[in-house]
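Going down the list, the sequences are from chains A and B.
To convert, note that position 119 of the first sequence is 119 in the working numbering; the numbers rise steadily by one, no gaps.
For any residue, its number in the working numbering is found by taking its place in the second sequence, counting from 1, and adding 1000.
These are calculated hints, taken from the structure and not from any lab test.
For every residue, glycine included, the Cβ atom is placed at its ideal position computed from N, Cα and C.
Any given hint might turn out to be false.
Some chain A residues near chain B, calculated using beta-carbon distances under 8 Å [stated by the list, open to error]:
no.: 1; residue: N6
no.: 2; residue: S9
no.: 3; residue: E67
no.: 4; residue: S133
no.: 5; residue: E164
no.: 6; residue: T165
no.: 7; residue: I213
no.: 8; residue: A394
no.: 9; residue: R395
no.: 10; residue: R396
no.: 11; residue: I399
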Amino acid sequence: MSKMPNYVSTTNACKLCKPLGASLAFRGIEGAVPFLHGSQGCATYMRRYIISHFNEPIDIASSSLGEKHAVYGGSANLKMGLKNVTAKYKPQLIGVATTCLTETIGDDVKMILAEYKDEFHTGIDDPLIISVSTPSYSGTHMEGFNAALKGVVEQLANGGEQNETINILPGFISAADLRYLKELLQDFGIAATVLPDYSETLDGEALNEYPLIPKGGTPLSSIRNMGRAKLTIECGRTFSGETAGSQLLKLFTVPLTRVGLPIGIRETDRFMDVVSEAAGIEIPEKYRSARGRLVDAMVDGHKYIFGKRAVVYGEEDLVVGLTAFLAEIGIKPVLCASGGKSGNMKESIANVLEGLGCEMPEVHENVDFYDIEERASDLDLDLLVGHSKGYSFARRQNIPLIRVGFPIHDRIGGQRLLHIGYHGAQQLFDTITNTIIAKKQDDSDVGYSYM
Amino acid sequence: MEPLHVLKEREPQIHRKGEAPFSIECNKDSLAGAVSQRACVFCGSRVVLYPIADALHLVHGPIGCAVYTWDIRGALSSGPELHRLSFSTDLQEIDVIFGGEKKLYKALIELIDRHQPKAAFVYSTCIVGLIGDDMEAVCKQVEKEKSIPVLPVMSEGFKGNKRAGYEAACSAMTRLVGTGDISGISKHSINILGDFNLAGEIWLIREYFNRIGVEVVANITGDGRIEDIKRSHGAALNVVQCSGATMDLATMMKKRFGIPNIRVSYFGVEDMAEALYEVARFFKDDEMLEKARELVRMELSTLLPELQKYKTALAGKKAAIYVGGAFKAFSLVKAFRLIGMKVVMVGSQTGTREDYEELEEITDEGTIIIDDANPLELSAIIREKDVDIFVGGVKERPIAYKLGVAFCDHNHERKEMLAGFHGMLNFAREVYGSVMSPVWQFVPRRVSEEKE
């Protein structure tokens, strides 16, 4: 395998910062307002970034620290901010995430929050306040996302007598994926807590009144009961360290089953088996037939895509899932890259490719788009698969970009992309195959009207 | 209808014309927890320097600051496009503990070798202000080794609001001005400050100036070039658009080089025409003034008939404006008037007292004037005033859309040319294309009206 050049500087990063991930996770809890403890710019920049993908309002509050707070500490502003958010939004929960600024000045957020509760909580309708440490100098948005979920579980869940529910920690998937997942669980007749759930809060209906906090999100009562569930299914193969799932196991002995993101046939099969076993029923006909149609479609389209060479980039778990799927349909993933650095991506990819007869692609963690492009320039590519930030690369290479994941800033409907399950695989398959067919058609001198 | 819900501390920053003598507070720090639409010092600096296309823009800090400002603006370049890349030192925990100077030095050397820029701007972020990296020293060192200007921009996010960032950017540019050769510059020459060349606007403006016989030495903040900025002190006049962004640079150039400045706006026909006239009047050149009049006559003779169709359709519709700088708001109020529309709300993130006084003067009775608004206030006003179109930036768009209100993007991300005479026509088309869409008949606020 060729060695990646080792640059000191980062050019066009393939990752986002930690508090952004935490904000997204908090947004998936019912009645919650994400709150960044830091300077005003962080909240505003992240709102703008998230808005450009979801086309939805997202209010992220900020303690708006100024120069004197950086010197004397941000305690007073954090408290005032919490008070104002409480007065104005009447939230059930405020999710406080720290930033580089407040981590570095050494604000003891846990202590400040304890003081705040003593000083301002009235005992009636006080919001719960969760805090999570998310300095952007350690880790990516995925670490922030996972840290927030872990914080929520640790600070809210209770143990007790086991009930019949299961916990699903689906990872960072689209709003459409979450809706699909909930429908699937319903079809299995499972009472499940899906955390987080921004399927409505970040993809809502047209309204007559601006909601202080959009409806939807994982209910707090369900989160409280997560310690009593009979099983946690946590999606992701590249976790390093403690997660919400591992904490539920450790603190409340809720059994933990880990599977990859259910993308493509085999990863979905694994997921469906786990869910089916938890539900104690066979996989419903709806999903069996969807799988059958998917296989049928794969046969219909296989010749147009066989041997095409792809670069896959983005969050590590998403890359693992997509790589598996591409290999299943005969596309050759030649380079798999992420800005994250869990250290587990290569092994995870090797695992999902096992038995597919697909040569192991180059796998690189902790890289940016400059690295990816430099490495890929002589790989003779046919397509890119990833979020919209790969567009400039695709344009230079004159190859198509299959937009998946987050962010999609140059198309509408990123939140409605379905990636997971057999239905998601079907959509991905059609999109990928048609994109390749369209490219050939557009580039051809003849312009055939049949495939 | 529910009354406008405003936090008590925010009340002095909202004024309704006609209800009380004019009074508004502004240039205050954002209220904690209020979800301000503002950004930070770093953002202000990035805005101003971003369009300098042949410079390296290196963000010294953790990854977020760089990645959220990657290619986010519609500022075009006629040549190099270095400004569209996002460079960062991506500080890690270990750098925070031991300092980031070495990493900064290496990153700068590496990037300068790779991209051969004409200069480098190095942006400080919150964390750099805290760990105490001596950016000045590193920049000086690299400048010596690489023989290009390497300019620190002291833009630590927490050190104020966007306005402070403008100052930091201007003071970085100040170091360039006066270092270039100014021979051969015409006596009828100007610099264009504060236009960001969104969708190629500055090319249009330059062409207008050329047509009336004015040489443009440097278009500093739009399609900008380091060499032009270095010799910008050879121009006879600084023509400044956009309230806060570049005024500091103009003030410095007046102090150091005695170059006078005028403030203009290129949005809307009155302001565009006035900008040309003012420049002509400055040069006390009758021929130039006549050329300017001729240009305006010519442009209007094609524009006005074309506008008529939009005016007829849009007459009486209501607009709300919320923009970064108040200066743009003045022009927008007039532009809406030209197409027969009524402005019922106007506000900005960073307006000054004088700006708001002027807005009070040019708006109608009952218009709400607002400083540093937040989503809840904006949405309440949209509902209260039954607004037909909202003009703002990308952060305001989902608020308008969620409530079923048309929207016109008038911020740095837009891809439509809205300046100049041609821009006025585009603006009318933009507004028309959104207000007249059939989709509004399906949104809840129109559906429930019908039922009433």
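Comparing the hints with the structure gives:
The beta carbon of N6 (chain A) is not positioned within 8 Å of any beta carbon in chain B (closest approach about 10 Å), and the interface hint is therefore violated. A hinted interface residue such as S9 (chain A) counts as satisfied when its beta carbon comes closer than 8 Å to some beta carbon of chain B; here the least separation is about 4 Å, so the hint holds. For E67 (chain A), the interface hint holds, since its Cβ comes within 8 Å of a Cβ in chain B; the closest pair sits about 5 Å apart. Proximity of S133 (chain A) to chain B is violated relative to the hint, the smallest CB-CB distance being about 12 Å (cut-off 8 Å).
Among the interface hints, the one on E164 (chain A) is violated; its C-beta lies about 38 Å from the nearest C-beta in chain B, farther than the 8 Å criterion. Restraint check, T165 (chain A) versus chain B: the minimum CB separation of about 33 Å is more than 8 Å; hint violated. Given the 8 Å rule on beta carbons, the hint for I213 (chain A) is violated: about 11 Å separates it from the nearest Cβ of chain B. Residue-level restraint check for A394 (chain A) is violated (minimum Cβ-Cβ distance to chain B is 14 Å; threshold 8 Å).
Contact between R395 (chain A) and chain B, as hinted, is not supported at the beta carbon level, the nearest pair being about 12 Å apart and thus beyond 8 Å. Interface restraint check: R396 (chain A) against chain B, minimum CB-CB distance 12 Å, threshold 8 Å, status violated. A distance limit of 8 Å between C-beta atoms decides the matter here; for I399 (chain A) the minimum to chain B is near 19 Å, and the interface restraint is violated.
Hints 1, 4, 5, 6, 7, 8, 9, 10 and 11 from the earlier list are contradicted by this structure; the remaining hints agree with it.
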